[in-house]
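Undergrad: We have chain A; now place chain B onto it with these hints.
Top to bottom, those sequences are chains A and B. Just so we're aligned, residue 0 is where the first sequence starts under numbering that gives the first Met the number 0, counting upward by one. Just so we're aligned, residue 0 is where the second sequence starts under numbering that gives the first Met the number 0, counting upward by one.
Possibly wrong hints are sitting among the right ones.
What follows is a list of derived Cβ distance ranges for each label pair [stated by the list, open to error]:
no.: 1; chain 1: B; residue 1: Q71; chain 2: A; residue 2: P268; range: 35 to 43 Å
no.: 2; chain 1: B; residue 1: S20; chain 2: A; residue 2: T233; range: 21 to 29 Å
no.: 3; chain 1: A; residue 1: Q149; chain 2: B; residue 2: R72; range: 55 to 63 Å
no.: 4; chain 1: A; residue 1: N220; chain 2: B; residue 2: Q71; range: 37 to 45 Å
20 Å max Cα-Cα, derived SDA-like pairs, lysine to any residue [what the hints assert, rightly or not]:
no.: 5; chain 1: A; residue 1: K37; chain 2: B; residue 2: E90
no.: 6; chain 1: A; residue 1: K30; chain 2: B; residue 2: G75
no.: 7; chain 1: A; residue 1: K37; chain 2: B; residue 2: L88
no.: 8; chain 1: A; residue 1: K256; chain 2: B; residue 2: E102
no.: 9; chain 1: A; residue 1: K37; chain 2: A; residue 2: G214
no.: 10; chain 1: A; residue 1: K179; chain 2: B; residue 2: H16
no.: 11; chain 1: A; residue 1: K169; chain 2: B; residue 2: L11
no.: 12; chain 1: A; residue 1: K179; chain 2: B; residue 2: G29
no.: 13; chain 1: A; residue 1: K56; chain 2: A; residue 2: Y24
Some chain A residues well away from chain B (every beta-carbon gap over 10 Å; in silico) [said to hold, decoys possible]:
no.: 14; residue: D34
no.: 15; residue: L68
no.: 16; residue: D126
no.: 17; residue: Q149
no.: 18; residue: R156
no.: 19; residue: L230
no.: 20; residue: R279
no.: 21; residue: P281
no.: 22; residue: K282
no.: 23; residue: A283
no.: 24; residue: E284
no.: 25; residue: L291
no.: 26; residue: M299
Keep in mind the hints are simulated off the structure, nothing from the lab. Where a beta carbon is used, it is the ideal one built from N, C-alpha and C, also for glycine.
The chain contents come next:
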Amino acid sequence: MEFKDYYKILGLAREATQDNIKRTYRRLARKYHPDVSKESDAEERFKEVNEAYEALKDPEKRAAYDRLLSGEWQAGQEFTPPPGWDAGFEFSGGGFTGADAGQFSDFFEALFGGRGRRAGAGLRGEDHQARVQIGLEDAYHGATRTLTLQVPEVDARGRVTMRPHTLNVKIPPGITEGQKIRLSGQGGAGLGDAPRGDLYLEILFEPHALYRVEGRDVYLNLPLAPWEAALGATVAVPTLGGTVDLKVPAGAQSGQKLRLKGRGLPDSPAGDQYVVLQIRTPKAETSEHRRLYEQLARAMPFNPRERMGV
Amino acid sequence: MGERELKIAVSLVLDEHVTLSLREMCRGCGLPGEALMAMVEEGLLQPQGPSPAQWRFAASELERVRAALRLQRDLGLNLAGVALALDLLDEVRALRARVRVLEQLLD
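Looking at chain A on its own, in the form it has when it is part of the complex (with noise of 0.2 Å):
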């Protein structure tokens, strides 16, 4: 196994107080919570932050983490703990709080042993959760996913071991991004005859090149020609449900917002498709292009910039 170092990891010296200690992993707490967090490590970052804490708040343990240290281990080599390393300490079962305990490392688990199972969690399984990422044309749809899961389990022997876990999911159309599905029994064991907890599914979309999507509306930006701007046009628009014509009004201008109702992902009521206009200009190439250019100019009388007074 690896060898941590929590000091580092909670970005402290050596020398930090206890009380230092206790501010800088409320602080890190708050800031890698899986629930409040955005960045995508924030789950690792944060059971190694609840790790650390869990070996430096107690004195006791500190102290037999330090001597360990001035052994001279770095961070990530590979570690076996010295026979007899925490002669002199006690702390061995010592009660876990707060945190839950059965996300620690083998490292930890070498060094300050039972990983109790968290108090209060009862017979039943523990519910588990995984993030799924699905792409947009899926949520529309629908889609079936085969999923294969590293579930945790406690062997025979009280050791927390990983076990892949395959299932088939159906994901229904018009899911919306951070949305949960919840797979009954299919979390951790019961303890004896009690049920199996649940498996809870949060979805997330993967990055669409075209759409942008706001809880069942979908955004398209859509290019248009000056002269289709100008003139009005029927344009051919690409939807999540397929190719549908759109009216575009003459005179219409970039920014402008063209609603598709019901053309965004499906639910009763359906969202809506926003197409945004861009207008793009062509680049003069040649000297006809130029001369065309040239005779507009002369022809319209336009200052788009009218309104700056200048």
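TA: The following block gives chain B in isolation, referenced to the frame of chain A:
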């Protein structure tokens, strides 16, 4: 992996269309009814219906309870603090979605 493992799991989308009774909520999050009633008192949950026996919770509120429990356990917040945090997190999520849409418009 046998074929049994690959059968489609029984799933429930936790959205506004599905509602749960107080009992179903208790079973879903492993809390006694009193704890959920305290959350209703705090305005953290907003069930429909005149009395606890007739309450219907939007299924999305189950996840709200679970998040509330995590925040209480991990950050030592009280119920009022949890309710505030959850409201602010909802707002942050909505604003982030808005920002993503607006950023695209600036491209």
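Undergrad: Confirm or reject each hint.
TA: Structure-based check of each hint:
| no. | hint | result |
| --- | --- | --- |
| 1 | Q71(B) / P268(A): 35 to 43 Å | holds (36 Å) |
| 2 | S20(B) / T233(A): 21 to 29 Å | violated (52 Å) |
| 3 | Q149(A) / R72(B): 55 to 63 Å | violated (23 Å) |
| 4 | N220(A) / Q71(B): 37 to 45 Å | holds (43 Å) |
| 5 | K37(A) / E90(B) | holds (14 Å) |
| 6 | K30(A) / G75(B) | holds (14 Å) |
| 7 | K37(A) / L88(B) | holds (11 Å) |
| 8 | K256(A) / E102(B) | holds (15 Å) |
| 9 | K37(A) / G214(A) | holds (18 Å) |
| 10 | K179(A) / H16(B) | holds (13 Å) |
| 11 | K169(A) / L11(B) | holds (10 Å) |
| 12 | K179(A) / G29(B) | holds (18 Å) |
| 13 | K56(A) / Y24(A) | holds (9 Å) |
| 14 | D34 | violated (5 Å) |
| 15 | L68 | holds (27 Å) |
| 16 | D126 | violated (7 Å) |
| 17 | Q149 | holds (14 Å) |
| 18 | R156 | holds (25 Å) |
| 19 | L230 | holds (24 Å) |
| 20 | R279 | holds (12 Å) |
| 21 | P281 | holds (19 Å) |
| 22 | K282 | holds (19 Å) |
| 23 | A283 | holds (24 Å) |
| 24 | E284 | holds (24 Å) |
| 25 | L291 | holds (28 Å) |
| 26 | M299 | holds (27 Å) |
Violated hints, in rising order: 2, 3, 14 and 16; the structure is consistent with all others.
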